[in-house]
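S.K.: Residues per chain are reported as follows:
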Amino acid sequence: MNNIFVDANRKQIAGRRRIDFTLRLLFLIATSIGVIALMALLIDIISDGISMLRPELFNNFPSRRASEAGMKSAIVGSLYMLLIMAPLSFLLGVGAAIYLEEYAKKNRITRMIQLNISTLAGVPSIVYGILGLTLFVRELHLGRSLLAGAFTMTLLVLPIIIVSAQEAIRAVPKSRRDASYALGATKWQTVSRSVLPSSISGILTGVILAMSRAIGETAPLVMIGALTFVAFLPTGPMDSFTVMPIQIYNWVSRPQASFQALAASGIIVLLVMLLLMNLSAILLRNKYNKHM
Amino acid sequence: MQTLTKNQTLIEINQLNLFYGAFHALKNVSLRIPEKAITAFIGPSGCGKSTLLRTLNRMNDMIPGTRIEGGIAISGTDIYSGDVDVETLRKKVGMVFQQPNPFPKSIYDNIAYGPRLHGIHDRKKLDEIVETSLRSAVLWEEVKDYLKRSAFSLSGGQQQRLCIARALAVNPDILLMDEATSALDPISTLKIEELAQELKDRYTIVMVTHNMHQAARVSNQTVFFLNGEVVEYDETEKLFSNPTDQRTEDYISGRFG
Amino acid sequence: MPNEALSTNSSKQLVDAAKRNHAFRNEKSHLMDKIMPVALFLCAALSIATTIGIVATLIGETYHFFEQVPFVDFITGTKWSPLIEPKSFGIWPLICGTLLITVIACLVAVPLGLASAIYLSEYAPKKVRNIVKPILEILAGVPTIVYGYFALSFITPMVRGIFADAGVFNALSAGIVVGIMIIPMVCSLSEDAMTAVPRSLRDGAYALGATRFEVALKIVVPAAFSGIVASAVLAFSRAIGETMIVTVAAGSTPKLTANPLESIQTMTAYIVQVSLGDTPHGSVEYGTIFAVGMTLFVITFLLNILAQYVARRFREEY
Numbered sequence: 001m002n003n004i005f006v007d008a009n010r011k012q013i014a015g016r017r018r019i020d021f022t023l024r025l026l027f028l029i030a031t032s033i034g035v036i037a038l039m040a041l042l043i044d045i046i047s048d049g050i051s052m053l054r055p056e057l058f059n060n061f062p063s064r065r066a067s068e069a070g071m072k073s074a075i076v077g078s079l080y081m082l083l084i085m086a087p088l089s090f091l092l093g094v095g096a097a098i099y100l101e102e103y104a105k106k107n108r109i110t111r112m113i114q115l116n117i118s119t120l121a122g123v124p125s126i127v128y129g130i131l132g133l134t135l136f137v138r139e140l141h142l143g144r145s146l147l148a149g150a151f152t153m154t155l156l157v158l159p160i161i162i163v164s165a166q167e168a169i170r171a172v173p174k175s176r177r178d179a180s181y182a183l184g185a186t187k188w189q190t191v192s193r194s195v196l197p198s199s200i201s202g203i204l205t206g207v208i209l210a211m212s213r214a215i216g217e218t219a220p221l222v223m224i225g226a227l228t229f230v231a232f233l234p235t236g237p238m239d240s241f242t243v244m245p246i247q248i249y250n251w252v253s254r255p256q257a258s259f260q261a262l263a264a265s266g267i268i269v270l271l272v273m274l275l276l277m278n279l280s281a282i283l284l285r286n287k288y289n290k291h292m
Numbered sequence: 001m002q003t004l005t006k007n008q009t010l011i012e013i014n015q016l017n018l019f020y021g022a023f024h025a026l027k028n029v030s031l032r033i034p035e036k037a038i039t040a041f042i043g044p045s046g047c048g049k050s051t052l053l054r055t056l057n058r059m060n061d062m063i064p065g066t067r068i069e070g071g072i073a074i075s076g077t078d079i080y081s082g083d084v085d086v087e088t089l090r091k092k093v094g095m096v097f098q099q100p101n102p103f104p105k106s107i108y109d110n111i112a113y114g115p116r117l118h119g120i121h122d123r124k125k126l127d128e129i130v131e132t133s134l135r136s137a138v139l140w141e142e143v144k145d146y147l148k149r150s151a152f153s154l155s156g157g158q159q160q161r162l163c164i165a166r167a168l169a170v171n172p173d174i175l176l177m178d179e180a181t182s183a184l185d186p187i188s189t190l191k192i193e194e195l196a197q198e199l200k201d202r203y204t205i206v207m208v209t210h211n212m213h214q215a216a217r218v219s220n221q222t223v224f225f226l227n228g229e230v231v232e233y234d235e236t237e238k239l240f241s242n243p244t245d246q247r248t249e250d251y252i253s254g255r256f257g
Numbered sequence: 001m002p003n004e005a006l007s008t009n010s011s012k013q014l015v016d017a018a019k020r021n022h023a024f025r026n027e028k029s030h031l032m033d034k035i036m037p038v039a040l041f042l043c044a045a046l047s048i049a050t051t052i053g054i055v056a057t058l059i060g061e062t063y064h065f066f067e068q069v070p071f072v073d074f075i076t077g078t079k080w081s082p083l084i085e086p087k088s089f090g091i092w093p094l095i096c097g098t099l100l101i102t103v104i105a106c107l108v109a110v111p112l113g114l115a116s117a118i119y120l121s122e123y124a125p126k127k128v129r130n131i132v133k134p135i136l137e138i139l140a141g142v143p144t145i146v147y148g149y150f151a152l153s154f155i156t157p158m159v160r161g162i163f164a165d166a167g168v169f170n171a172l173s174a175g176i177v178v179g180i181m182i183i184p185m186v187c188s189l190s191e192d193a194m195t196a197v198p199r200s201l202r203d204g205a206y207a208l209g210a211t212r213f214e215v216a217l218k219i220v221v222p223a224a225f226s227g228i229v230a231s232a233v234l235a236f237s238r239a240i241g242e243t244m245i246v247t248v249a250a251g252s253t254p255k256l257t258a259n260p261l262e263s264i265q266t267m268t269a270y271i272v273q274v275s276l277g278d279t280p281h282g283s284v285e286y287g288t289i290f291a292v293g294m295t296l297f298v299i300t301f302l303l304n305i306l307a308q309y310v311a312r313r314f315r316e317e318y
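Residue numbers (our numbering), protein chains in the order written: chain P, 1 to 292; chain F, 1 to 257; chain G, 1 to 318.
Treat each hint with caution, since some may be false.
Here are the simulated BS3-like cross-link-like pairs (lysine-lysine), alpha carbons at most 25 Å apart as the crow flies [what the hints assert, rightly or not]: (1) P/Lys105 / P/Lys11; (2) F/Lys124 / F/Lys148; (3) F/Lys124 / G/Lys218; (4) G/Lys126 / P/Lys11; (5) F/Lys200 / F/Lys36; (6) G/Lys218 / G/Lys79; (7) G/Lys218 / G/Lys126; (8) G/Lys34 / P/Lys106; (9) P/Lys287 / G/Lys127; (10) P/Lys287 / G/Lys133; (11) P/Lys174 / P/Lys11; (12) P/Lys187 / G/Lys34; (13) F/Lys105 / F/Lys36; (14) F/Lys200 / F/Lys238; (15) F/Lys125 / P/Lys11; (16) F/Lys144 / F/Lys105; (17) P/Lys174 / G/Lys34; (18) P/Lys187 / P/Lys106; (19) P/Lys11 / F/Lys105; (20) G/Lys126 / F/Lys148; (21) F/Lys191 / F/Lys36; (22) F/Lys105 / F/Lys238; (23) P/Lys105 / G/Lys34; (24) P/Lys106 / P/Lys174; (25) P/Lys287 / G/Lys126; (26) F/Lys125 / G/Lys218; (27) G/Lys133 / F/Lys105; (28) F/Lys191 / F/Lys144; (29) F/Lys105 / F/Lys124.
No lab work stands behind these hints, which were simulated from the structure alone.
Between the sequences and the hints, there should be enough to build the whole structure, so can you do that?
M.R.: The following block contains the structure:
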């Protein structure tokens, strides 16, 4: 019997296999560069900042002397921001998502809103800062306050929350709505007692991820004038404030090595906070996947 | 082992076992498939017929967790031993799938894709290959004036014949057809069956079909599978008129499956 | 038509039944069903209001600015020094700095992101994918100020080690780090586009004896091309709008240069610089924020529209 493989161009195929092997290696290297960059970033920051990670960092206000400087006001400022921003952006974002998924008719206005939301998600954050500066700080006379900052950041994260909440709501099977309607529930009863409870963990996951994005944002708050040197804690929403990334930025922009180390230690605190938020989002997501 | 026809054996499957993870999908399969004839694999869904077909050009390799024991030799070469690489194997063992799957390219580029892969870039040579392949698949007359059009402009049946032409263009010896007509209307199905009849003089064809009547109409030999095992292998005429195994008889008389 | 008459009749009965039923409805839930649609619509409409707010803010102040500075000077001028006498307001040095950063960032992010996407969608075993994808997600979630620190404390010394004449602040370091930041975006959007390519197309090519690389390059990438292009356009837009990395690491000297080792200034970094100072509201200097912001907004807006158009217009029908 003739071997049918003899007439195949084995040499040409061997060459192509070599190319395939080489390229696979290149693609693998390219992929690992992202991973290596993350490792380098973490190692760089931890080795620079670990020495300044001490109680004063949490207990002290900023100071001209790096040895005495802390980020108490920035940590508290960030937490206050979260406190105002989280419920506000949750209500507005989930409201918009419910409207678009459950109430909106398929018409031009709905399509326009949807397109608008995805376009807003691509607007540079500093442009939101310009909006906040003009609208909240000046026109609405909120001044350079916690409230003006929280409003600005709410507008910034809304598109992210709306899109993820829409996905969570869309994942609720139609049968749950039907079951509710079949029991004589009205639209709002169906939405509030059937659809929302089924999608709440998915929605919350999206909200937490959006909050962790907001907690790390610097540019818009620089624009609306969050201060870089705050030696007091804000007592109300109309007080001026600072947040962690701005404090870090302030330290990064000083040339002295001691302040660079301080910046790195501030970054460690910020990253740990983000890590905790992301972990809770992952836990929620896993719970959510189990229930669906 | 019995030799069914005077044709020489081309594919020899020896004590083949295949596992998907813990699932034992093929159990001790041994078969000799003769050249230049049509061999049909029949059986209820999940019986392993498609799995066996896909081991012949090693398409199963891409499914993670697949493990193979035993051997398959094509014209004396063990295709799992490393004597032959998958690219060479697949060049000589063409395949047509259940759903027509033309590339999102022109009719011409669909046919020329394979030859280009294998190093043919000469325009004249490619033109020639495209024409002979389309003629072999009885599609040339229908598309010769539209070679630059997208392959998606063709009907389902035409697309499937295009896929056959695409497979023939790399000059294979064996053509695997994995339920190649199941997505087509009856007239297109008939055309593909006629085409298979014409091609069997030049190619060794192995087809999986869910349709017993098709196997009876088209094939020279038929293999009946059940639960990953070969129940019966015989001349098509004999298997359908006078099966030796009770299970075969139950299946072809429509009592299950 | 008797049939039609029957159905009208029965639907009438249904309506009557509904009306009767109405009377039994809980008053509170009835009220909620009137209020909520309006309230929820207002939430959704807030996004439109935001867009209008952004555009109105920018246009209003930009208009004032152009009452004081001729538009032609702004759009054709090659010198930007709005804070120091003699003042001049030519936007090109800022656009040049922004483009320099963006081009470097895309040279880093597009090849690496695309190669990672090809590796993850065509080569990687499931185990590797399950490790690499979360890492890339983390990379995407790192705040930009952290990247800024990384640029200054890690990449810049490296760059200066290789190129002796690189400044402490230079476009190259900032550009590389902006690139690293957007790798995950390019990768995940391209990978989405590639995984959307049906398996059957890949099988068709494999069955002809194609290698993995040939399937990726000649089947998957062309079929996913519009998604890949869209991801690159979005990456470009993200790089243009990136602020903190360039503010920290690229410097604050607006100039027309193509030399990546020099200190430059981007549009975003300029806006930050002015807002950190004590620029009085209403002055020309204050107006520059809005003129530059407007330019930034228009460019990124057009790029985002382009990306959406590309993704939709050239979507392959498989």
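S.K.: Now tell me if each hint is right for this structure.
M.R.: Results of checking the hints against the structure:
1. P/Lys105 / P/Lys11: violated, 62 Å
2. F/Lys124 / F/Lys148: holds, 16 Å
3. F/Lys124 / G/Lys218: holds, 22 Å
4. G/Lys126 / P/Lys11: Cα-Cα ~32 Å, so violated.
5. F/Lys200 / F/Lys36: OK: F/Lys200 and F/Lys36 at ~5 Å, within 25 Å.
6. G/Lys218 / G/Lys79: At roughly 47 Å apart (the allowed maximum being 25 Å), G/Lys79 and G/Lys218 break the hint.
7. G/Lys218 / G/Lys126: holds, 23 Å
8. G/Lys34 / P/Lys106: Since the Cα atoms of G/Lys34 and P/Lys106 sit roughly 20 Å apart, the hinted pair holds (cutoff 25 Å).
9. P/Lys287 / G/Lys127: Holds, because 22 Å separates the two Cα atoms, which is no more than 25 Å.
10. P/Lys287 / G/Lys133: holds, 20 Å
11. P/Lys174 / P/Lys11: violated, 58 Å
12. P/Lys187 / G/Lys34: Holds - the C-alpha atoms of G/Lys34 and P/Lys187 are around 10 Å apart, at most 25 Å.
13. F/Lys105 / F/Lys36: Given that 25 Å is the threshold and the Cα spacing comes to 32 Å, the pair is violated.
14. F/Lys200 / F/Lys238: holds, 20 Å
15. F/Lys125 / P/Lys11: holds, 20 Å
16. F/Lys144 / F/Lys105: holds, 16 Å
17. P/Lys174 / G/Lys34: holds, 23 Å
18. P/Lys187 / P/Lys106: Holds, at roughly 17 Å.
19. P/Lys11 / F/Lys105: violated, 28 Å
20. G/Lys126 / F/Lys148: Distance ~39 Å between G/Lys126 and F/Lys148 Cα, so the pair is violated.
21. F/Lys191 / F/Lys36: Holds - the C-alpha atoms of F/Lys36 and F/Lys191 are around 20 Å apart, at most 25 Å.
22. F/Lys105 / F/Lys238: At roughly 44 Å apart (the allowed maximum being 25 Å), F/Lys238 and F/Lys105 break the hint.
23. P/Lys105 / G/Lys34: holds, 16 Å
24. P/Lys106 / P/Lys174: holds, 18 Å
25. P/Lys287 / G/Lys126: holds, 22 Å
26. F/Lys125 / G/Lys218: holds, 21 Å
27. G/Lys133 / F/Lys105: violated, 32 Å
28. F/Lys191 / F/Lys144: holds, 18 Å
29. F/Lys105 / F/Lys124: holds, 20 Å
Violated hints, in rising order: 1, 4, 6, 11, 13, 19, 20, 22, 27; the structure is consistent with all others.
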